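Chemist: Okay, here's what each chain looks like letter by letter:
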Amino acid sequence: MSIHHRPWATILTATALILGLAGCASGTVDNAGNQSPSGSSTTSEPSGEITVFAAASLKTTFTTLAEKFEAAHPGTTIKLSFAGSADLVTQLTAGAPADVFASADTKNMSKLQDAGLIADTPIDFATNTLEIAVPASNPAAVNSLADLAEPGIKLVICAPQVPCGAATKSIEESAGITLAPVSEESSVTDVMGKVTSGEADAGLVYVTDIKTAGDKAKGIKFPESSAAVNTYPITTVSTSKNKVLADAFITSITDTEGQKVLTDAGFGTP
Amino acid sequence: MNRRSPAGYTAVPPWIYAVAGVGASFVLIPLLAMVAKVNWSQFIPLITSESSLTALGLSLRTSAASTVLCIVLGIPLALVLARGNLRGQQLLRAFILLPLVLPPVVGGIALLYTFGRQGLLGHSLELAGFQIAFSTTAVVMAQTFVALPFMVVSLEGALRTAGGKYEAVAATLGARPTTVLRRVTLPLVLPGLASGAVLSFARSLGEFGATLTFAGSLEGVTRTLPLEIYLQRESDADAAVALSLVLVAVAAIVVGLAYGNPQRTTKAKVPQ
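As you go down the protein sequences, you meet chains F and S in turn.
Residues in the first sequence are numbered from 1 upward in steps of one, following the working numbering.
Residues in the second sequence are numbered from 1 upward in steps of one, following the working numbering.
Chain F with its partners taken away, still in its complex shape (with noise of 0.2 angstroms):
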């Protein structure tokens, strides 16, 4: 899945890059020859650099969001970090430098909050849901969340500790039913790769990851799933160099078209 897109996302970038140089040298030019408009406007315009740590869920749309972003505001980069949401925190409160965080959960934003590193109150961008992913050919028939319960499926899940677990635990309790799975993983993405694998007959993953895997595999909905609906908030870390496009960015992602990029890549808005 990620295997499958990183190449894109690499010429993408360099793409990128390449137009970002390129509209660097025509801005000089343009400074050197005539008074430009974007010249006097210089010290209220975002410019510069910022990185962003990203939940790893967020890897394509923030991807496609920061080129987009670059690509409006020449003379800016958005350097980009995908990970955990519980190891970004764990990096942030260890003194790494980020000026943006977006979170996969409330509970990780919270404790980056406990730690006094926010600089604002987080905003909520986007909501998540599970659905049940399987194999492209289905080989176990799974059509609703009942079906899960069956014995002889073999059903992938996330370990509770993770958000998607908790997630997954919270339907669980609401629907009354009780899983049993051959594998608790500790990410999203590894329950992913044993449905995409065909390893297992059956997984709970986001919307967003199955939209993700492409044909590999396929997404079943179920009314259950409203039970746990996970919220990503995003604000700007308190040590961030440059707060004016730090800002500017996250106004980018909550803002109609950076809605857009969000809901056609499967997110909810909040």
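Don't take each hint at face value.
Simulated pairs of lysine-lysine, PhoX-like, Cα-Cα distance not exceeding 25 angstroms [what the hints assert, rightly or not]: (1) F/Lys59 <-> F/Lys211; (2) F/Lys68 <-> F/Lys241; (3) S/Lys37 <-> F/Lys107; (4) F/Lys243 <-> F/Lys79; (5) F/Lys169 <-> F/Lys243; (6) F/Lys111 <-> S/Lys37.
If you are wondering where the hints come from, they were derived from the structure by calculation, not from laboratory data.
These numbers come from a predicted model, not from an experiment.
Given the coordinates of chain F, assemble chain S onto it according to the supplied hints.
Modeler: Here is chain S on its own, set in the frame of chain F:
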């Protein structure tokens, strides 16, 4: 191998000690930093929790099983590589030692595409009634895959150092090849075999990537101590650090057994 330094002169320039000190600190300081981070008041409850003990027990059992497999498969491999005269032996060695340098997760992917349900052999195995994925067997296989090269390297070295003189004598006295192997060769390389076994055990104990990829993670079935640490780190950093210390302690004991007395482990004893 019985090279001894002349008494009183060690040929180590003083500045070497300074650089060696930096090297030692590079390894020791992170370990000390971890020890400093341990929440001692909670240490015993954390490492004796049910999930911790289950993970430790599973780790010890699977590592013991993989060590046995490494001995059974490693002895013939090392013998062929050290003494055999097959064509393409160099190439065979290169491939067998590959897991030493491969990231374990690559090993896990390779095992998945071999023994997984959709794998090269997995489908036939499933038809025959064997289900490997998500089982403790898968953990042992992942561990054996990454640990086997340690056994082969250690034993092949011992076999080469020991040479074939005693075996030749035994053969001229009428001993059959299997008798020579059992009565002469194996006793001769026993120290190499022992250190190979200890290293294989240590490597199995620390196995993470291949297990996670190939076997999954379920308490009591496939969640070994490294996987438990990785999971605990998500929610309870104190528990992760405490369990890490347990793993360090077990590994230190194991490595100490293997290398604590280099004279004993490297000197091949000649049977009387």
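Chemist: Would you mind marking each hint as holding or not holding in the structure?
Modeler: A quick look at each hint next to the structure:
Distance restraint check for F/Lys59 and F/Lys211: the Cα-Cα separation of roughly 12 angstroms lies within the 25 angstroms cut-off, and the hinted pair is therefore satisfied. Proposed proximity of F/Lys68 and F/Lys241 is supported: the alpha carbons are some 22 angstroms apart, at most 25 angstroms. With a C-alpha separation of about 23 angstroms, the suggested pairing of S/Lys37 with F/Lys107 holds against the 25 angstroms cut-off. Using a Cα cut-off of 25 angstroms, the hinted pair F/Lys243 and F/Lys79 holds, with the two alpha carbons roughly 15 angstroms apart.
Taken as a hint, the F/Lys169 and F/Lys243 pair is broken in the structure, with Cα atoms around 38 angstroms apart against an allowance of 25 angstroms. A threshold of 25 angstroms between alpha carbons decides the hint, and for F/Lys111 with S/Lys37 the separation of about 19 angstroms falls inside it, so the pair holds.
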